[in-house]
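Asks: Start from the sequences and build out the full structure, keeping to the hints where you can.
Note that the protein sequences, when read in sequence, are chains A and B. Position 101, counted from 1, in the first sequence is what my numbering calls 126; the numbers after and before it change by one each time, with no gaps. Position 117, counted from 1, in the second sequence is what my numbering calls 845; the numbers after and before it change by one each time, with no gaps.
Derived by calculation from the structure, the hints in this document are not laboratory data. These figures come from a predicted structure and were not determined experimentally. Glycine is no exception: its CB is placed at the ideal position from the N, C-alpha and C atoms.
Label pairs and their in silico Cβ distance ranges:
hint	chain 1	residue 1	chain 2	residue 2	range
1	B	756	A	126	40 to 48 Å
2	A	115	B	738	41 to 49 Å
3	A	160	B	877	29 to 37 Å
4	A	81	B	801	40 to 48 Å
Over the 10 Å line for every Cβ pair with chain B, so calculated as not near, a few chain A residues:
hint	residue
5	74
6	81
7	111
8	115
9	125
10	172
11	180
12	244
13	247
14	252
Next come the chains, spelled out residue by residue.
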Amino acid sequence: MELLAFGKTGWGDELFYATLMTLAVSITAMLIGFFFALIFTPLKLSKHKSLNLIGNFYTTVIRGVPELLVIYLFFFGGSGAIMFVASMFGYYEYIEINAFITGSFAIGIISGAYSTEVFRGAIQSIDKGQFEASKVLGIKKHIQFYKIILPQMLRLAIPNLSNVWQITLKDTSLISVTGLVEIMRQSYIAAGSTRDPLFFYSFAAVLYLLLTFLSMKLINKLEVKYSRGF
Amino acid sequence: MIGSFPKLLSATVITLKLLSLSLFFGLFIGLLFAILRMNKNPIVNKFAYGYSYVFRGTPLLVQIFIIYFGLGQIEYLRSTFLWVILKEPYWCAIIAFALNTGAYTSEILRSAFQTIKPGLIEAGKSLGIPNKVIFYKIQIPIAIKQSLPAYGNEIILMLKGTSLASTVTLMDLTGVAKYIISTTFKPIEVFIVAGGIYLFMTFCVHNLIKFLEKKYGFQT
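Replies: Below you can see the structure in the form of structure tokens.
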């Protein structure tokens, strides 16, 4: 237990901040994922073949390639890509991007592919009559989406989104390879300096379990809230 | 880009070995725990539930690290024959993968068993078929058919999961890809080749499952 003491003698406070970092990365990645889903869901549902192809390409490639490989691509290729863009604007200095941004972006793209599938499924399972009825009533397209489709879609999407959240949360452990100090990285450092890997990795497992357990509780509440009247 | 292709292909063999061995062991673990989950004894039941909860609630990376770095710390283990296995990163990775996929498989099989209509089992009983035969000849074949689509997803997840073996020094497809990236600084090209190989494998698994579903699945 001494190992977990707060302050200079133990690893308690470091692991606490690492847990916050894991949460921060997961939430950022999830939001970035929503952003991607917002772009790619309409593409997947579109009637145009070519737009459809782009949407399918995104979800198939990202869901078919290991997360670690995507992270390596961003970690090694990210600053190169940004420097290339910057060089077009006449900036030739070395640019280093922060591990937090690369990490959450990489995980966000992965999470976005799963979210896209969830949103697509949810929209497709909304009764066609809802679209037609709102059209007949002369409701504008964007109001139709925000007031009629979105509320119904969220109810259907929340249980599956909670799965995506779990996947995202667990995927953040992989960005420890880029050196960002989240739970996994901090446990690695602690295990290295105390020569007690069994304890620290088991503790990391407990932290992850705690995070998934608590977030599931929260999401279940949301689920109840959004399925009022059903 | 072309030069790295043979290296990546030979690494693919290791990825496939890891995948097939862990799926093989994982299937047995999954079946065992699915049966335990349906046990009426609450202690046995809770134990099986706890197993699948812990392994599904923690990242695979943590599980590999606990087995590879953590277990070696126990002095007692070092003196037993288990150490022969546990000192090899290859077997540690397979143990971690098998336990992980076993947890998911047990959930898939459990839900498949639960969707079997009780009438089928009752019909078997009233025909005087022994319980064991009902289980092996009626319940298991139906459960396998029922769980094919979900198990196909699990195979693909596991295929992606084997990439984590590279974190414990194994040179699988991702490991070699990372090595080539860090020596040549050509991340995009290597990503395209390695990602293409992974995609090809997922494509094959996907189609294999589709084929099996068509051949053995239910027409609903």
